[in-house]
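Protein chains: 2
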Amino acid sequence: MIEAVDIHALERQMREGIPLARAMDLRVLEYDGNRLALVAPLAPNVNDKGCVFGGSMSSLLTLAGWGLINLKLAEAGIAADVFVQDAHLEYLAPLWGELVAEAYADGAPWAAFGAALRAKGKARIAIQAEIAGPEGAGAAARQTARFVAKRPATQAV
Amino acid sequence: MIEAVDIHALERQMREGIPLARAMDLRVLEYDGNRLALVAPLAPNVNDKGCVFGGSMSSLLTLAGWGLINLKLAEAGIAADVFVQDAHLEYLAPLWGELVAEAYADGAPWAAFGAALRAKGKARIAIQAEIAGPEGAGAAARQTARFVAKRPATQAV
Chain X
25 MIEAVDIHAL
35 ERQMREGIPL
45 ARAMDLRVLE
55 YDGNRLALVA
65 PLAPNVNDKG
75 CVFGGSMSSL
85 LTLAGWGLIN
95 LKLAEAGIAA
105 DVFVQDAHLE
115 YLAPLWGELV
125 AEAYADGAPW
135 AAFGAALRAK
145 GKARIAIQAE
155 IAGPEGAGAA
165 ARQTARFVAK
175 RPATQAV
Chain B
25 MIEAVDIHAL
35 ERQMREGIPL
45 ARAMDLRVLE
55 YDGNRLALVA
65 PLAPNVNDKG
75 CVFGGSMSSL
85 LTLAGWGLIN
95 LKLAEAGIAA
105 DVFVQDAHLE
115 YLAPLWGELV
125 AEAYADGAPW
135 AAFGAALRAK
145 GKARIAIQAE
155 IAGPEGAGAA
165 ARQTARFVAK
175 RPATQAV
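Residue numbers (my numbering), protein chains in the order written: chain X, 25 to 181; chain B, 25 to 181.
Be aware that a few hints might be false.
One copy or any two copies: either way a pair holds, since identical chains are not told apart in the list.
Keeping only pairs whose Cα atoms sit at most 25 Å apart, straight-line, the calculated DMTMM-like set for lysine to aspartate or glutamate is [stated by the list, open to error]:
id : residue 1 : residue 2
1  : Lys73     : Asp110
2  : Lys73     : Glu35
3  : Lys144    : Glu54
4  : Lys73     : Glu122
5  : Lys73     : Glu159
These are calculated hints, taken from the structure and not from any lab test.
Throw the hints in and build the complete structure from the sequences for me.
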């Protein structure tokens, strides 16, 4: 079964299932089939210095990666739970406004990822994600994270 | 000037200055001069699967490290702003209850850190932090992060 990819359903799933995502006021900004962008305003994500809290950056980067994998699995018609395993984060510059996090996979790993998941019930994938800096500047933060997807044990197909 | 170390002031600073820390409902649990432990309940930090959201783990680990450095600087009577620079995170096991994050520095780096900060106005330090797993089990998450502290440019002493 190929499910329609519904970014609004992903946004609802994050906001309704994860209280901190709602507290951050995150929204899905854009999905083009390869990259997922999430956005969140400054006010609920500020720190005591008036710029973006590192924990908000980390959360948005991880949710962008997690969301991207969920959308790609929905496109492929594979039901699986997705968990983050590890992450390397660089906080590169303070950010004094809205957060936009974009996640993508280097190379073209999705077919192999889907095939491994179908064959073994479990597969890993590395996802890159960045938070945009001020216009014209480099990224404010960058993350490389590994995720694992597991098919439900009870699933027959 | 040696300031008294006030963990309640640290808790207020985090909860009043960082809306997401308040949304997580974090509290300072304990500080023994070397280790700072923060605690947060499950309910506001849950994910769509019913266990702790990875972003909450990352935020608590980073705040524990940031808070520890602020307490050690207060003990040494040094005013400085503390920023996280990079982090390596391992999400080791799902956690189905309260989060307790404990931060500490390996070795005894504090005297050298304070001396470098006084001499150069800027210094870096690596902080370990862990989130406890269920009783008898290993850690649920582990982070090694590097922080930078900068003395205010206007400070004369």
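Outcome of the hint check:
Taking identical chains as interchangeable, the C-alpha atoms of Lys73 and Asp110 lie at most 25 Å apart only when they sit on different chains, with a minimum of 18 Å there against 28 Å within one chain. In the homo-oligomer, the alpha carbons of Lys73 and Glu35 lie at most 25 Å apart only across protomers (16 Å), although the nearest pairing inside one protomer, at 29 Å, exceeds that limit. Taking the shortest alpha-carbon separations for Lys144 and Glu54, neither the intra-copy value of 31 Å nor the inter-copy value of 44 Å comes in at or below 25 Å. For the identical chains of this complex, Lys73 and Glu122 are intra-copy neighbours only, at 15 Å inside a copy versus 28 Å across copies, given an alpha-carbon limit of 25 Å.
Proximity of Lys73 to Glu159 under the C-alpha cut-off of 25 Å is restricted to the intra-copy arrangement: shortest distance 21 Å within a copy versus 37 Å between copies.
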